[in-house]
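Throw the hints in and build the complete structure from the sequences for me.
As they're listed, the protein sequences go chains A and B.
Going left to right, the first sequence walks through residues 21 to 477 as this note's numbering numbers them.
Going left to right, the second sequence walks through residues 199 to 376 as this note's numbering numbers them.
Since the hints were made in silico from the structure, they are not lab data.
Cβ coordinates follow ideal geometry from the N, Cα and C atoms, glycine included.
Among the hints, a few may not be true.
Dumping the calculated DSSO-like pairs for lysine-lysine here, alpha-carbon to alpha-carbon at most 27 angstroms [said to hold, decoys possible]: (1) B:Lys223 with A:Lys476; (2) A:Lys476 with B:Lys340; (3) A:Lys49 with B:Lys340; (4) A:Lys307 with A:Lys49; (5) B:Lys223 with B:Lys361; (6) B:Lys340 with A:Lys307; (7) B:Lys231 with B:Lys361; (8) A:Lys307 with A:Lys387; (9) B:Lys340 with B:Lys231; (10) B:Lys352 with B:Lys223; (11) A:Lys476 with B:Lys231; (12) A:Lys325 with A:Lys387; (13) A:Lys325 with A:Lys307; (14) B:Lys223 with B:Lys340; (15) B:Lys231 with B:Lys353.
Derived, one-sided and incomplete: chain A residues facing chain B with beta-carbon distance under 10 angstroms [what the hints assert, rightly or not]: (16) Glu48; (17) Val176; (18) Trp186; (19) Ala190; (20) Thr193; (21) Leu200; (22) Ala211; (23) Asp215; (24) Arg216; (25) Leu249; (26) Ala254; (27) Ser260; (28) Phe267; (29) Val475; (30) Lys476.
Covered stretches of chain B (in silico footprint by chain A; criterion: 3 or more residues with CB under 8 angstroms from a CB of chain A, positions within the stretch not fixed) [to be verified]: (31) 291-303; (32) 318-324.
Listed below are the residues making up each chain.
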Amino acid sequence: MDEQYKTTLAADRAPVIEPGYTFGTVTEKISAIVLTRPASNGWFVGFGIAFLLTMMMLFAIGYLFLKGVGVWGDTTPIGWGFEIVNFVWWIGIGHAGTLISAILLLLRQPWRNSINRFAEAMTLFAVACAGIFPAIHVGRPWLAYWMFPIPNTMGVWPQFRSPLMWDVFAVSTYATISALFWFIGLIPDLATLRDRSEHPALRMIYGMLSMGWRGSARHWHRYETMYLLLAGLATPLVLSVHTVVSFDFAIGIVPGWHTTIFPPYFVAGAIYSGFAMVLMLAIPIRKIYGLEDFITERHLQNSAKVMLATGLIVAYGYGIEAFMGWYSGDRYDAFTLWNRLHGPYAVSYWALLICNIFVPQVLWIRKLRTSPIALFFVSGVILVGMWLERFIIVVLSLHRDFLTSSWGMYYPTRWDWMTYIGTIGMFLAAMFLFLRILPAISIFEMRTLLPEAEVKE
Amino acid sequence: MKRDPIYGVMAEFDSAQALVDAARKTHEAGYQKIDAYSPFPIEGLAEEIGFHHDEVPLVVLIGGIVGGCTGYLMQWWISVVDYPLNIGGKPYHAWPAFIVITFEMTILFAGISAVFGMLALNGLPMPYHPVFNVPRFSSASKDRFFLIVFSSDKKYDALGTRKFLEGLAPRSVSEVPS
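Listed below in structure tokens is the structure:
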């Protein structure tokens with residue numbers, strides 16, 4: 021048999037966890053990162069840069085509050101610019117974490133066990149970054165609380181027939197459920213850290229956070245029931261959240277927005293970009309912290325396959341949009357397509373097609389599916405591509421819609437960029453902290469993967 | 199009420215299989231107030247120690263129903279009764295539009311009920327528990343498995359129960375002070 025085929029075939033059969041581990045060594049390896057391994061210079065440099073970018077974001081937001089939304093590139097007719105593009109981009113990224121935690125649990129996929137913890141953390145931080153934008157992009161941010169149905173003395177309430185209101189509830193629910201899911205999954209591991217900490221302050225903190233968890237069989241039974249139910253709830257939730265986000269556009273009548281393909285197209289795109297972010301985190305984390313035995317080639321392979329599949333769904337979405345531009349016979353829809361291909365933002369559209377459709381096709385090649393460097397690069401390209409997709413959807417349909425006298429151009433300002441890059445900094449800063457304080461891999465779920473965990477009746 | 203100075207007798211095992219077998223034997227021997235501790239969930243173990251009624255699903259269902267009703271009722275009352283907004287002549291009771299938020303509220307309430315219901319039913323947070331007085335118990339969250347017979351059990355006898363547990367070939371047997 022050909023050597024190359026043998027090695028890639030071996031990667032297909034790569035184990036979910038490398039053999040030779042015991043309950044003790046699994047615990048040791050993961051908790052050592054938190055409890056005994058000192059913070060390296062690399063960590064300080066990385067966290068330092070991320071922290072500075074976060075400060076830049078706060079500066080940009082502060083200036084925005086001081087001067088008003090005019091500091092951004094938003095103008096007539098492009099009332100939605102970077103802030104909405106970035107909101108949708110971040111929310112989309114968050115969806116992979118919930119998919120891994122919830123959907124892969126329901127599908128009984130053991131390979132989720134080593135990646136679900138940091139993927140769920142990624143979701144939380146991504147949703148936090150996303151949630152910033154709706155709050156700050158309103159013209160009077162001190163009135164942002166008007167988005168919620170809070171009893172007030174003015175005698176007014178929000179308007180529930182608007183998808184923007186549905187978004188408020190969907191994203192709030194998503195943030196809450198993700199946080200709960202993540203925290204409740206941490207409790208048994210916090211108990212492990214409590215029992216293994218030497219420093220009395222750490223014991224106290226982990227002790228309080230773990231709520232006195234002692235691993236009682238009755239508790240585990242209720243815990244497992246709750247975990248499954250929460251996964252069953254989170255699955256339709258994650259599908260509904262990005263659907264509701266797509267409704268922000270699909271309910272509108274602007275050409276390029278008013279299309280029924282948006283819900284599945286957005287959800288597939290979310291999972292696409294989400295897995296790309298998971299890989300961009302997993303590949304350095306497993307290398308730097310020596311976790312290749314837990315996040316194996318199998319995980320990389322499977323994630324690549326999910327990306328390939330969702331990428332093809334997204335490609336179908338582009339195809340059907342283009343087809344409908346012609347088939348509908350609607351001059352405005354046809355012009356939207358023409359404008360994307362030949363108009364002032366055509367470079368972005370062609371870049372989008374290259375990033376999202378053409379480059380990821382290399383994942384059909386087994387060797388590249390199992391190469392961490394290739395995957396890292398392709399994931400980066402996909403993240404850029406998905407950002408461009410949101411940009412094309414938001415800006416291109418707004419800048420040239422029905423009436424030619426209303427046409428305009430959108431030029432992002434430095435404040436737009438600073439806010440966006442700043443949220444990336446905030447996300448990374450949170451991830452760096454997470455890696456130092458909490459177990460990046462779910463210890464108790466890794467224990468269940470060992471052969472000794474099997475119990476015969 | 200005078201509290202027994204001894205909370206129970208606890209045996210330590212090396213493997214999940216040993217714990218399940220020991221739990222079964224202990225329950226069959228007539229001990230009812232027992233508990234088992236493991237660093238990960240073991241399927242079937244809860245049944246072996248006599249746990250049969252899981253109330254979490256009911257709590258979640260009730261939470262979901264309350265959430266759905268709350269979400270729908272809120273939207274209906276606001277949009278039809280208290281603050282009707284005429285938007286393009288569209289009906290006030292726009293039930294298709296209400297579906298989305300009703301759905302989200304169902305999930306939200308069901309999820310919150312699941313988490314807090316599970317914690318409440320488990321009696322957590324409970325930072326202190328007598329089993330933590332046994333130094334060896336710290337490995338219950340790592341790689342050891344424990345079985346305890348509570349002193350409140352009818353068949354409990356300080357020496358007899360201890361002998362019984364020793365007969366199950368554990369790694370160690372400890373008394374758990376209250």
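Evaluation of the provided hints:
{"no.": "1", "hint": "B:Lys223 with A:Lys476", "in the structure": "holds (15 angstroms)"}
{"no.": "2", "hint": "A:Lys476 with B:Lys340", "in the structure": "holds (21 angstroms)"}
{"no.": "3", "hint": "A:Lys49 with B:Lys340", "in the structure": "holds (12 angstroms)"}
{"no.": "4", "hint": "A:Lys307 with A:Lys49", "in the structure": "holds (14 angstroms)"}
{"no.": "5", "hint": "B:Lys223 with B:Lys361", "in the structure": "holds (14 angstroms)"}
{"no.": "6", "hint": "B:Lys340 with A:Lys307", "in the structure": "holds (25 angstroms)"}
{"no.": "7", "hint": "B:Lys231 with B:Lys361", "in the structure": "holds (17 angstroms)"}
{"no.": "8", "hint": "A:Lys307 with A:Lys387", "in the structure": "holds (19 angstroms)"}
{"no.": "9", "hint": "B:Lys340 with B:Lys231", "in the structure": "holds (25 angstroms)"}
{"no.": "10", "hint": "B:Lys352 with B:Lys223", "in the structure": "holds (17 angstroms)"}
{"no.": "11", "hint": "A:Lys476 with B:Lys231", "in the structure": "holds (24 angstroms)"}
{"no.": "12", "hint": "A:Lys325 with A:Lys387", "in the structure": "holds (13 angstroms)"}
{"no.": "13", "hint": "A:Lys325 with A:Lys307", "in the structure": "holds (21 angstroms)"}
{"no.": "14", "hint": "B:Lys223 with B:Lys340", "in the structure": "holds (24 angstroms)"}
{"no.": "15", "hint": "B:Lys231 with B:Lys353", "in the structure": "holds (9 angstroms)"}
{"no.": "16", "hint": "Glu48", "in the structure": "holds (8 angstroms)"}
{"no.": "17", "hint": "Val176", "in the structure": "holds (6 angstroms)"}
{"no.": "18", "hint": "Trp186", "in the structure": "holds (4 angstroms)"}
{"no.": "19", "hint": "Ala190", "in the structure": "holds (5 angstroms)"}
{"no.": "20", "hint": "Thr193", "in the structure": "holds (4 angstroms)"}
{"no.": "21", "hint": "Leu200", "in the structure": "holds (5 angstroms)"}
{"no.": "22", "hint": "Ala211", "in the structure": "holds (5 angstroms)"}
{"no.": "23", "hint": "Asp215", "in the structure": "holds (4 angstroms)"}
{"no.": "24", "hint": "Arg216", "in the structure": "holds (7 angstroms)"}
{"no.": "25", "hint": "Leu249", "in the structure": "holds (5 angstroms)"}
{"no.": "26", "hint": "Ala254", "in the structure": "holds (7 angstroms)"}
{"no.": "27", "hint": "Ser260", "in the structure": "holds (6 angstroms)"}
{"no.": "28", "hint": "Phe267", "in the structure": "holds (8 angstroms)"}
{"no.": "29", "hint": "Val475", "in the structure": "holds (5 angstroms)"}
{"no.": "30", "hint": "Lys476", "in the structure": "holds (7 angstroms)"}
{"no.": "31", "hint": "291-303", "in the structure": "holds (count 8)"}
{"no.": "32", "hint": "318-324", "in the structure": "holds (count 5)"}
Violated hints: none; the structure is consistent with every hint.
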